[in-house]
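Each chain, letter by letter, is given below.
Number of protein chains: 2
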Amino acid sequence: MKAWEKNFRKVEPYTPGEQPVFADMVKLNTNENPYPPSPKVAQAFALLGNQAGKCRLYPDFKAEVLVGALSDYYGLEKNQVFVGVGSDDVLSVAFLTFFNSDKPILFPDITYSFYDVWAQVYAIPYERPALDENFRIRREDYYRENGGIVIANPNAPTSIAEGLEFIEDIVRHNTESVVVVDEAYVDFGAQSALPLLEKYENLLVVQTFSKSRSMAGMRIGYAMGHPGLIQAMNDVKYSINSYTMNYPSLVLGTAAVEDEAYFKECCEKIIKTREWAREVLGRMGFSCLESSANFLFAAHGSVPAKKIFTALRERGIFVRYFDKPRIENYLRITVGTREQMERLFYALSEILR
Amino acid sequence: MKAWEKNFRKVEPYTPGEQPVFADMVKLNTNENPYPPSPKVAQAFALLGNQAGKCRLYPDFKAEVLVGALSDYYGLEKNQVFVGVGSDDVLSVAFLTFFNSDKPILFPDITYSFYDVWAQVYAIPYERPALDENFRIRREDYYRENGGIVIANPNAPTSIAEGLEFIEDIVRHNTESVVVVDEAYVDFGAQSALPLLEKYENLLVVQTFSKSRSMAGMRIGYAMGHPGLIQAMNDVKYSINSYTMNYPSLVLGTAAVEDEAYFKECCEKIIKTREWAREVLGRMGFSCLESSANFLFAAHGSVPAKKIFTALRERGIFVRYFDKPRIENYLRITVGTREQMERLFYALSEILR
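Line by line, the protein sequences give chains U and R. Using our numbering, you'd call the opening residue of the first sequence number 1 and step up by one each time. Using our numbering, you'd call the opening residue of the second sequence number 1 and step up by one each time.
Hints should not be assumed to be uniformly reliable.
What the hints assert, rightly or not - The calculated lysine-lysine pairs, modelled on DSS-like cross-linking and capped at a C-alpha distance of 27 Å, are:
{"id": "1", "chain 1": "R", "residue 1": "Lys-10", "chain 2": "U", "residue 2": "Lys-62"}
{"id": "2", "chain 1": "U", "residue 1": "Lys-54", "chain 2": "R", "residue 2": "Lys-54"}
{"id": "3", "chain 1": "R", "residue 1": "Lys-10", "chain 2": "U", "residue 2": "Lys-103"}
{"id": "4", "chain 1": "U", "residue 1": "Lys-307", "chain 2": "U", "residue 2": "Lys-324"}
{"id": "5", "chain 1": "U", "residue 1": "Lys-62", "chain 2": "R", "residue 2": "Lys-2"}
{"id": "6", "chain 1": "U", "residue 1": "Lys-269", "chain 2": "R", "residue 2": "Lys-54"}
{"id": "7", "chain 1": "R", "residue 1": "Lys-62", "chain 2": "R", "residue 2": "Lys-78"}
{"id": "8", "chain 1": "U", "residue 1": "Lys-306", "chain 2": "U", "residue 2": "Lys-324"}
{"id": "9", "chain 1": "R", "residue 1": "Lys-54", "chain 2": "U", "residue 2": "Lys-272"}
{"id": "10", "chain 1": "R", "residue 1": "Lys-54", "chain 2": "R", "residue 2": "Lys-78"}
{"id": "11", "chain 1": "R", "residue 1": "Lys-199", "chain 2": "R", "residue 2": "Lys-78"}
Claimed, not checked - Now the in silico label distances, taken between C-beta atoms and shown as ranges:
{"id": "12", "chain 1": "R", "residue 1": "Pro-13", "chain 2": "U", "residue 2": "Thr-15", "range": "32 to 38 Å"}
{"id": "13", "chain 1": "R", "residue 1": "Asp-72", "chain 2": "U", "residue 2": "Phe-22", "range": "24 to 30 Å"}
{"id": "14", "chain 1": "R", "residue 1": "Lys-307", "chain 2": "U", "residue 2": "Thr-15", "range": "55 to 61 Å"}
{"id": "15", "chain 1": "U", "residue 1": "Glu-342", "chain 2": "R", "residue 2": "Lys-269", "range": "54 to 60 Å"}
{"id": "16", "chain 1": "R", "residue 1": "Pro-13", "chain 2": "U", "residue 2": "Gly-285", "range": "55 to 61 Å"}
{"id": "17", "chain 1": "U", "residue 1": "Asn-134", "chain 2": "R", "residue 2": "Asp-72", "range": "51 to 57 Å"}
{"id": "18", "chain 1": "U", "residue 1": "Arg-139", "chain 2": "R", "residue 2": "Tyr-143", "range": "56 to 62 Å"}
{"id": "19", "chain 1": "R", "residue 1": "Pro-227", "chain 2": "U", "residue 2": "Glu-64", "range": "39 to 45 Å"}
{"id": "20", "chain 1": "R", "residue 1": "Glu-18", "chain 2": "U", "residue 2": "Asn-50", "range": "22 to 28 Å"}
{"id": "21", "chain 1": "U", "residue 1": "Pro-129", "chain 2": "R", "residue 2": "Phe-166", "range": "54 to 60 Å"}
{"id": "22", "chain 1": "R", "residue 1": "Asp-72", "chain 2": "U", "residue 2": "Arg-138", "range": "53 to 59 Å"}
{"id": "23", "chain 1": "R", "residue 1": "Lys-269", "chain 2": "U", "residue 2": "Thr-15", "range": "41 to 47 Å"}
Derived by calculation from the structure, the hints in this document are not laboratory data. Yeah, the Cβ is synthetic: ideal placement off N, Cα and C, and Gly gets one too.
Okay, chain U solo, but in the shape it has when bound (with noise of 0.2 Å):
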C-alpha cells in the first residue's frame, strides 16, 4: 500500500448493472422505455443544434426553465422542486441532508440495492427489516425510532407497490425524520405520494426520467416537497457541484414534461404489454408477483433462475438475475415491446422443453 492510499475512502466498489451492446439483442435488464422519448424531445435537440453556442456559457444553476416545467405538471410550486443527474443522483443529495442521525435509518431488505451503498459511502447507520413472505413491506416495522425512513413504491426487484394509506400509515408514525418514498416506477399503475405534501412537511417525494419518459440517457431526476426541503437539499447541492443540469437536459427535460399525451400513451402500452406477458410467463410455470411497475419478477416453477438467466443471455436475450438471499430464484425482467416480449418467449419456450 502506497503512504496516501491509507487516506483513500474505503467503499465497496458497487459495480453498475451490465449495459450490453449487441446488434439484435432484446435488453430487458436495465428498465429502461422500450419506447424513444417524446417527438417533441427530437425537435428540441434540433433547436439545440442551432443554438450550439449557448453552451459556451454555465447553465442556470437553479434550472428554473426545468423546474417551473415540473411544478406546473405537478400543481406544485417552485420552491417544492429539486432537479439532479438522474434520481441516483438525487437521493444522494437526500441521504446526505436528511441523514446526519446516530439512529439508523430504515429500509426493506429487498430494495434498490444502491440504498446501502449511499449508507455506507456517507457513514450512515441503517437497519433493513425483512419483508414479508410474500415480499411485501410489514408497516409496524417502521414504528420505531430511526434516522430516516427510504421506501421505494413500488419497491423493486419486487415491483409490488402500497396504496396511498399505507404510506400515510408509515409517515403518519414518523413526524421525527424525513421520509423519503422513492417512486422511480410510479407511473406504471401505483397510487403516488404526492397528495401526502400538502399535510405532511417531513415527505420526500422522488421520481425520475429514466423509466416514464424514456430518457435514461439525459440523467433527470426530481424530488418533491416542503420548501424547508427543498432548500435544505439544494443549499447542500450547491456545496458540491452548483451547476450539475447541463443545457440540454434542461431543455431536453422540459420539452418531455411539455408532452403529457405520449407520456401517458406509453406508460398505457408498457401497462397492457406488462399484464400480457404476466399471463404468458404464468402458463409457461412461472409465478410473477402483481406489478405496478414496468418490469416483472418471476420464479419459475421447476427450473433455476440462474440456469435460466444464463441461457437468455447466451441467446442475446439480457434479463436481470440477483445472486441474494431470498431472491435468488428470481429473475427481473424488464417490459419491452410486444416484440421483445414474443422473442423471450420464444427462447424461454426452447429452454423450458
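Given the coordinates of chain U, work out where chain R should sit on it, guided by the hints.
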C-alpha cells in the same frame, strides 16, 4: 426547528456566481469563453437530433468514448482518465476519495473559493497558508505534514501561474499524500503538470471543458493521474451516482476534443486579447497581475474596486468582485472578445473620468 431538521447536514450555503440575463449585456464575470464551441460540436448536435431515440437507454457509465478521446489527446492510457460533471464534480469526488486523514489538507488563503466549501461539507480539516505580498504561493508552506494538497495553477482569482519546476518541487516534498493540481485555466498559457505523471503516482491533474473548450453549459471536467488514483475515484463515484455523464455530454465532449485546431485558435485569440487588454487597463491606471488565465485581476490606483464594480453593473457590464480580505480592491475581469473589451474600456473611461 422541526424535529427532523436537527438531522440536516449543516452547510454554509454556497451562492454560485451571478448569471445575469440581459439583452446587450457584457458578461465578463464567470470566466466563460467568448467564442462558441467548435463547429464540430454543432454538427454533433444535429446527429443527436436524428438519434433522439437513444436517450431511452442508460449512457455508458464508463464514458469510454470521451475517456478514449481524452486519453488519445494527452497520450495517456484510458485507465488514467476520470470524467465528471464539470471540474467541480471531479474535484468534489477527489476530496471525498483522497482526503480522509486527521491531518489538515493545505491550499492557499486566496484561491478557488470552492475548496473550503468541499472541506467543510465533507468534514475535512484544512489550513490555508497565505500567499506572499505579491500573491504568489510560497512553496515552503507545503513542505510540512498534511492530509493532502490542492494547488490551482494558474491560481484563481489571481491569474498567476507557477512553472513546472515549482509544481514538481511541491509534489516531490509530498510523498505521503495526494497532490491535486487544478488546471482549469492552464490552456491560456501556463505549463501543465501532465509531464510529471510518469514520475509521481500521487499527482492528480484536473482540467475542464468550461473555459478553453467553450463548453461551460455541457458540464464536463476530467482528472488525469495514475490508474490507482483513477480507480479509487471511480470506486467512490460509482457508489454515489454511476451514470453521471449524459448522452449529449459524451457525444459533444468527444467532438470538441477532436477539433484541436479550433481549440488552439480560440486560446490564442484570448491570449492576444488579454495582453492587449492588460496594456489598456495599465494606461487607465489599473495594475493587473501577470495573467496566464482567461481573466485579469486588476486594482485601480485611486478608485475603489467596489465602486467600479457597481458603476459597471449599472451600465450592463458584469465583472467579478470579491468582498474578502486582501483582495477587496481587485476586480476579476474575464477576457471577452475585443468588442466586449472595448465596451468595457469605454465604460471605464466614463467611470474613471
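Here is how each hint holds up against the structure:
1. R:Lys-10 with U:Lys-62: holds, 21 Å
2. U:Lys-54 with R:Lys-54: Holds. U:Lys-54 to R:Lys-54 sits at ~23 Å (cutoff 27 Å).
3. R:Lys-10 with U:Lys-103: holds, 18 Å
4. U:Lys-307 with U:Lys-324: holds, 15 Å
5. U:Lys-62 with R:Lys-2: holds, 26 Å
6. U:Lys-269 with R:Lys-54: holds, 19 Å
7. R:Lys-62 with R:Lys-78: Holds. R:Lys-62 to R:Lys-78 sits at ~10 Å (cutoff 27 Å).
8. U:Lys-306 with U:Lys-324: holds, 11 Å
9. R:Lys-54 with U:Lys-272: holds, 23 Å
10. R:Lys-54 with R:Lys-78: Holds - the C-alpha atoms of R:Lys-78 and R:Lys-54 are around 24 Å apart, at most 27 Å.
11. R:Lys-199 with R:Lys-78: OK: R:Lys-199 and R:Lys-78 at ~18 Å, within 27 Å.
12. R:Pro-13 with U:Thr-15: 32 to 38 Å: Check passed, 35 Å falls within 32 to 38 Å.
13. R:Asp-72 with U:Phe-22: 24 to 30 Å: holds, 25 Å
14. R:Lys-307 with U:Thr-15: 55 to 61 Å: holds, 57 Å
15. U:Glu-342 with R:Lys-269: 54 to 60 Å: For U:Glu-342 and R:Lys-269 the Cβ distance comes to about 58 Å; the hint holds.
16. R:Pro-13 with U:Gly-285: 55 to 61 Å: Cβ of R:Pro-13 to Cβ of U:Gly-285: about 57 Å, so the range 55 to 61 Å holds.
17. U:Asn-134 with R:Asp-72: 51 to 57 Å: holds, 54 Å
18. U:Arg-139 with R:Tyr-143: 56 to 62 Å: Cβ of U:Arg-139 to Cβ of R:Tyr-143: about 60 Å, so the range 56 to 62 Å holds.
19. R:Pro-227 with U:Glu-64: 39 to 45 Å: Check passed, 41 Å falls within 39 to 45 Å.
20. R:Glu-18 with U:Asn-50: 22 to 28 Å: holds, 27 Å
21. U:Pro-129 with R:Phe-166: 54 to 60 Å: holds, 57 Å
22. R:Asp-72 with U:Arg-138: 53 to 59 Å: Given about 54 Å between the Cβ atoms, the range holds.
23. R:Lys-269 with U:Thr-15: 41 to 47 Å: holds, 45 Å
Consistency note: the structure conflicts with none of the earlier hints.
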